[in-house]
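Undergrad: Quick mapping for you: the protein sequence lines, in order, are chains A and B.
Everything in the first sequence is counted per UniProt numbering, starting at 1 for the first residue and increasing by one.
Everything in the second sequence is counted per UniProt numbering, starting at 1 for the first residue and increasing by one.
Keep in mind that the hints were calculated from the coordinates and are not lab data.
Be aware that one or more of the hints could be misleading.
Below, in silico cross-link-like pairs of lysine-lysine (DSBU-like), each with a Cα-Cα straight-line distance of 35 Å or less [said to hold, decoys possible]: (1) B/K275 - A/K107; (2) A/K117 - B/K212; (3) B/K90 - A/K90; (4) B/K117 - A/K212; (5) B/K355 - A/K90; (6) A/K188 - A/K254; (7) B/K107 - A/K90; (8) B/K321 - A/K107.
Protein chains: 2
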Amino acid sequence: MTRAFNFCAGPAALPDEVLLQAQAELLDWQQRGISVMEISHRHAAFETMAAEAEQDLRDLLQVPDDYAVLFMQGGATAQFSLIPMNLLGKEASPLVACVNTGIWSNKATAEAARYAKTHIVADAQGFQNTTIPPMTEWDIPAQASYLQYTPNETIGGLEFHFVPEVESIPLVADMSSTLLSRPIDVSKFALIYAGAQKNIGPAGITLVIVRKDLLDRVMPSTPSVFNYQRIADNGSMLNTPPTFAWYLSGLVFKWLKRQGGLTAMAEINERKATKLYRFIDESDFYHNPIDPDCRSWMNVPFTLKDDTLDARFLQEAEANKLMNLKGHRSVGGMRASIYNAVPEQAVDALITFMKDFEKRCG
Amino acid sequence: MTRAFNFCAGPAALPDEVLLQAQAELLDWQQRGISVMEISHRHAAFETMAAEAEQDLRDLLQVPDDYAVLFMQGGATAQFSLIPMNLLGKEASPLVACVNTGIWSNKATAEAARYAKTHIVADAQGFQNTTIPPMTEWDIPAQASYLQYTPNETIGGLEFHFVPEVESIPLVADMSSTLLSRPIDVSKFALIYAGAQKNIGPAGITLVIVRKDLLDRVMPSTPSVFNYQRIADNGSMLNTPPTFAWYLSGLVFKWLKRQGGLTAMAEINERKATKLYRFIDESDFYHNPIDPDCRSWMNVPFTLKDDTLDARFLQEAEANKLMNLKGHRSVGGMRASIYNAVPEQAVDALITFMKDFEKRCG
Numbered sequence: 001m002t003r004a005f006n007f008c009a010g011p012a013a014l015p016d017e018v019l020l021q022a023q024a025e026l027l028d029w030q031q032r033g034i035s036v037m038e039i040s041h042r043h044a045a046f047e048t049m050a051a052e053a054e055q056d057l058r059d060l061l062q063v064p065d066d067y068a069v070l071f072m073q074g075g076a077t078a079q080f081s082l083i084p085m086n087l088l089g090k091e092a093s094p095l096v097a098c099v100n101t102g103i104w105s106n107k108a109t110a111e112a113a114r115y116a117k118t119h120i121v122a123d124a125q126g127f128q129n130t131t132i133p134p135m136t137e138w139d140i141p142a143q144a145s146y147l148q149y150t151p152n153e154t155i156g157g158l159e160f161h162f163v164p165e166v167e168s169i170p171l172v173a174d175m176s177s178t179l180l181s182r183p184i185d186v187s188k189f190a191l192i193y194a195g196a197q198k199n200i201g202p203a204g205i206t207l208v209i210v211r212k213d214l215l216d217r218v219m220p221s222t223p224s225v226f227n228y229q230r231i232a233d234n235g236s237m238l239n240t241p242p243t244f245a246w247y248l249s250g251l252v253f254k255w256l257k258r259q260g261g262l263t264a265m266a267e268i269n270e271r272k273a274t275k276l277y278r279f280i281d282e283s284d285f286y287h288n289p290i291d292p293d294c295r296s297w298m299n300v301p302f303t304l305k306d307d308t309l310d311a312r313f314l315q316e317a318e319a320n321k322l323m324n325l326k327g328h329r330s331v332g333g334m335r336a337s338i339y340n341a342v343p344e345q346a347v348d349a350l351i352t353f354m355k356d357f358e359k360r361c362g
Numbered sequence: 001m002t003r004a005f006n007f008c009a010g011p012a013a014l015p016d017e018v019l020l021q022a023q024a025e026l027l028d029w030q031q032r033g034i035s036v037m038e039i040s041h042r043h044a045a046f047e048t049m050a051a052e053a054e055q056d057l058r059d060l061l062q063v064p065d066d067y068a069v070l071f072m073q074g075g076a077t078a079q080f081s082l083i084p085m086n087l088l089g090k091e092a093s094p095l096v097a098c099v100n101t102g103i104w105s106n107k108a109t110a111e112a113a114r115y116a117k118t119h120i121v122a123d124a125q126g127f128q129n130t131t132i133p134p135m136t137e138w139d140i141p142a143q144a145s146y147l148q149y150t151p152n153e154t155i156g157g158l159e160f161h162f163v164p165e166v167e168s169i170p171l172v173a174d175m176s177s178t179l180l181s182r183p184i185d186v187s188k189f190a191l192i193y194a195g196a197q198k199n200i201g202p203a204g205i206t207l208v209i210v211r212k213d214l215l216d217r218v219m220p221s222t223p224s225v226f227n228y229q230r231i232a233d234n235g236s237m238l239n240t241p242p243t244f245a246w247y248l249s250g251l252v253f254k255w256l257k258r259q260g261g262l263t264a265m266a267e268i269n270e271r272k273a274t275k276l277y278r279f280i281d282e283s284d285f286y287h288n289p290i291d292p293d294c295r296s297w298m299n300v301p302f303t304l305k306d307d308t309l310d311a312r313f314l315q316e317a318e319a320n321k322l323m324n325l326k327g328h329r330s331v332g333g334m335r336a337s338i339y340n341a342v343p344e345q346a347v348d349a350l351i352t353f354m355k356d357f358e359k360r361c362g
């Protein structure tokens, strides 16, 4: 078996070490003669593993004690609705401030509009989502219930390299495609959420990190199963959690610790991104449209000078074991997603291939 | 490695064959050099696999064409709320008729009460949940929006061996712990739902089988991600589905087909249950409290004559590789869950152990 280099935007590459361990113990977890998939979430062995995963995550992100960590289902898309349900219950005239920087933030805004007035603080649409409007021009209503934004737009490849200063307004961030790629200061946020299928684990589990004092704001109509307070009170086991995804995320957390934690990952990730963007910028065959100050470390979209070569590029890339480079259907071109589990050699191999392709076709 | 016999109520045993295949291809699916967990749900290879899984399920259950099959997240507990959200949107005075037969149906009733008046058609509580009140005594309001019930109570071990005749009232069934254990006539139901972690696959995926003409009844406030119509329109890929759980469920469906389908499974399951109940009834050391006409084929709770022996029973069972026999905390005693993936030899081994234990301790 040869493992390919996998640039999929999500569900994305997982570390070989993690998959090898999961494979080795898939039918026989902890010498119990059963799979981790075949044990009750109420079993002490599972509970121990689950608690350890949470602690490892807390260690990696240095999550303060006054934050709850929830392991949920439904992806970030479910959170687009569950966040207003959980945070707006005490508001007479709920108002959600939204920063629109691309497809994902726009979707989050649309769902918030079911529950509140939404106010667009800044909109990158006027710049074709290629740059983040400067904060000096943001129009933040003082009475906003919270401000939501997307630190990394997975599709457009637009990323915040700063945390917006919003004074006392609770800050809510969809970190699906950036969480665990570098250290962050959790205390600056009211709520962080992330679908797992980028840097955390397999699709089917979603992390929510929420300041505990916000847990009393739920709308009374919220189903128990989506009520953050009840989920927190029950250690994310109000009902059966996605046990295998939780386990695998736990293995990823341990792998991250072995790599040296998030400071070490940030160095590697910055180096990977920098060399790929530098190569693209130096070429006049490949092009990335994003403002260099706002380029994503995780998702690098690029186009070929001649888009009739797209199909051939993808086909030859696959033949070289460089997989899943096709850009999102709404954007076209290519996208290289270079999450934590994509090794630096993968980026080197991609650049070598791109050079060679340009030489032959440019 | 010796595989144990696993009587866990859920997440429950999976077939060895299924786990072995998943293990063999965990890092290299379809010779692509990547895991099935590491590929986009929009990739043609994944879409093909996902569609095949749905077709296999339709074949097994003979799902009529006018029913949609949805692959969702959140477990049956999420459906307790999503069903009223999706079915009551057109009702001026929504009324949900509920049959309460134990812990799960009571929970479903409690969540429905957020959205509708609930009317208890029949309540087994008066019989300590040991029998199903006869249908002749059910009080079904003609104007009910739908009637919900739990064909198999996983905790109590109480099971319907008939489908209630409710005339034109839509029938909604939580089949989490019974779906795929035998053939059913889907056309008798308006909606069937089931968390996967019993007979379908790993925890984290939930099946909904719903008659298509009911898809226009959603409440306008329902989040897109929970809207059955939108999920159906998008082939259960409105957002990223739990891809590995879907894949593994697909392997289970193929395994079931190789076993001869649900008619064959029903024969095996009935035989397993019959021999275990017969042994329990013939003993005066073990006891099952359920009316013989309403005994679950899937979950067999039993108590020991002397409950101070419980801990020893469980310990010795584990030493004999008979795992997870502890009863639910709300009921106590023991519970042997004998789903599809629990082989007949497991039941034989359990009976042998129980005989021996009785001989030594009875």
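Undergrad: I'd like to know which numbered hints this structure contradicts. Please list them from smallest to largest.
TA: 1, 5 and 8
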